[in-house]
Amino acid sequence: MQFGILINEGPYNHQASDTAYLFARAAIEKGHTIPRVFFYHDGVNNSTRMGEPPQDDRNVTTRWSKLAEEHGIDLVVCVAAALRRGIKDELLAPGFRISGLGQLVEMGIQYDRLVTFGD
Amino acid sequence: MQFGILINEGPYNHQASDTAYLFARAAIEKGHTIPRVFFYHDGVNNSTRMGEPPQDDRNVTTRWSKLAEEHGIDLVVCVAAALRRGIKDELLAPGFRISGLGQLVEMGIQYDRLVTFGD
Amino acid sequence: MSDMDMEDDGSGIVKKFMFLNRKAPHGTVYALEGLEVVLITAAFDQDVSLVFTDDGVYQLMKGIDTKGIEVKDFSKTYRALDGYDIEKLYVDQTSLDARGLTEDDLIVDVSVLSDDEMKNLMDEQDVVISF
Amino acid sequence: MSDMDMEDDGSGIVKKFMFLNRKAPHGTVYALEGLEVVLITAAFDQDVSLVFTDDGVYQLMKGIDTKGIEVKDFSKTYRALDGYDIEKLYVDQTSLDARGLTEDDLIVDVSVLSDDEMKNLMDEQDVVISF
Amino acid sequence: MLHIVNKSATERSSLDSCLRLATKGSAVLLIEDAVYAATKGSSAAAKIQAAAAGLKIYALGPDLAARGMAGRVLDGVNVVDYGGFVELVAEHRNCQSWL
Amino acid sequence: MLHIVNKSATERSSLDSCLRLATKGSAVLLIEDAVYAATKGSSAAAKIQAAAAGLKIYALGPDLAARGMAGRVLDGVNVVDYGGFVELVAEHRNCQSWL
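In order, the protein sequences belong to chains D, U, W, Y, P and H.
Using my numbering, you'd call the opening residue of the first sequence number 1 and step up by one each time.
Using my numbering, you'd call the opening residue of the second sequence number 120 and step up by one each time.
Using my numbering, you'd call the opening residue of the third sequence number 239 and step up by one each time.
Using my numbering, you'd call the opening residue of the fourth sequence number 370 and step up by one each time.
Using my numbering, you'd call the opening residue of the fifth sequence number 501 and step up by one each time.
Using my numbering, you'd call the opening residue of the sixth sequence number 600 and step up by one each time.
Read the hints as simulated data drawn from the structure, not as lab findings.
Glycine is no exception: its CB is placed at the ideal position from the N, C-alpha and C atoms.
Far from chain U, some chain D residues (derived; all Cβ distances over 12 Å):
#1 P35
#2 H71
#3 P94
#4 Y111
Sample of chain H residues facing chain Y (criterion: CB under 10 Å; computed from the structure):
#5 T609
#6 D632
#7 R671
Chain D extracted, bound-state conformation:
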């Protein structure tokens, strides 16, 4: 099956992005595909490559970049939410791109399931 994932909260402050990541990894392990993850509201803050969490903690952004590279996941950051919050192209970690909400709607139309993670 094709699963779309929508993430509405930033990294660290809420568990949403962690749960979404572990869900995505488990879905791939079971043979499903995650063609795209969409980052909306404060979720856009997952995309900055500037984050440096403590050495003994996970790096939420790096983890998404790596999973995306290994499994061809399109990581899309909402342009309107990103502009408001200061997420720009030059700050993006590998695998992330900024685009419109149409990309989210397409996920709902084309994929078998859409699962939302947030606060």
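Fit chains U, W, Y, P and H to the known structure of chain D by using the hints.
Showing chains U, W, Y, P and H alone in chain D's frame:
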């Protein structure tokens, strides 16, 4: 009186920073001083100069910078929270600086009141 | 990168999308930013239902005046939804009752649903996006 | 920029600081990041009270194992608080009761307070920081 | 002591916690989404009115207006503006935000 | 339909809303801070047990373990891992997150 302000949430997603700003402005109008505002947790996201909210909306960061310049307010961003979330010196709007949590404790010790705004 | 230009994903599929608004306006951004995806979904010619439940019903209050908190008043957008072919607006009676509100307090015409009607509406959706 | 070097703000003032933990661990970052300011405040030789109420009492559960959610287990930090001269740990009975918990379920020794004792403790503080 | 509550009482339990632990004679200021609790017909109205016997209850006017609730405030609730919020903080020796 | 709840039932009202509007026979998955509701002695336990008569209740094991709650799960609640979460999403035609 000297009031300290602690902001624990980022701009736009929560009203916390807006309320804190309007409180600070009212305090100054009444003759009190706000020597320092401390940004903690997702509150560090208030400090980026990269944000571009829609023309018909307020710019939360610019508003803090302006108030700080006019009234000599020290805008301090928690270093540990900022590192985790990718807020770096080169991204800071005018008037913001990154420093340690000791700056927050000092506010509690030295000022007459400490008011927290968050989620 | 204008969303409005991409009105068709080429598939011709029409799905039932429900947007479930459960948060009060202004305290958090969900009501405001959520409206954006509702408008885009309608532009994709999908079957859109906009539902207000729990504190979400507060989004539709008449007489909102945001000058004092210096944020944008987006409540007028709800009245413009017709123009985007978004006509299915629902509110649940239980949420209105718990807040001492009636349909007359709301800025737009809505269908008021019982809990059972809400359940049925939700179950028949293909995609539910909730804030 | 190490906080620990700045143990004295030079004023010699000692104030009563209460940190009020009301959130469960892991779902949000407040429990983890909040611990940092508690440690720094003690390093400034202030009179620190650490209070757990509502879902905050869940922070002190024994038997926490975070491997499955791949985040840091910081619950051992509570046991190290002694070493930072943080000895005033309080939990309220009402919050324990509502969650079916007793002192035996907690990872550290705490004083269990009634609502009236909580009220008095809160009122006598100079600074209350809440998460 | 001044207690500050900013969350909707129909969504979160923070108002209940505040009312449980506020000493008689304290002030409680409702701001942001918490102002709904101070309005007629809200399911929290009864709690607020019962609490008003022992506590001074305030609500932030600009937040009420921004939510279309300016004309629905319960009797016994004092409406203040941001200047009044500042005065409440100044008048009380300490304050506590129930986030 | 699969209903997903991620907030503590002692802090927020989202579990109540979910249980009010979930059709008989639906599945409810508790994740993140919502897993506390599935534990013995919690004030939400009675609600969950009453709901289990008409709904299938699941709780995410890794979230229970991370909260020291692995040994306290209510009878009638099915514990799943992330793989089980994926299967629940796949098995149900649609899903709804009560944020």
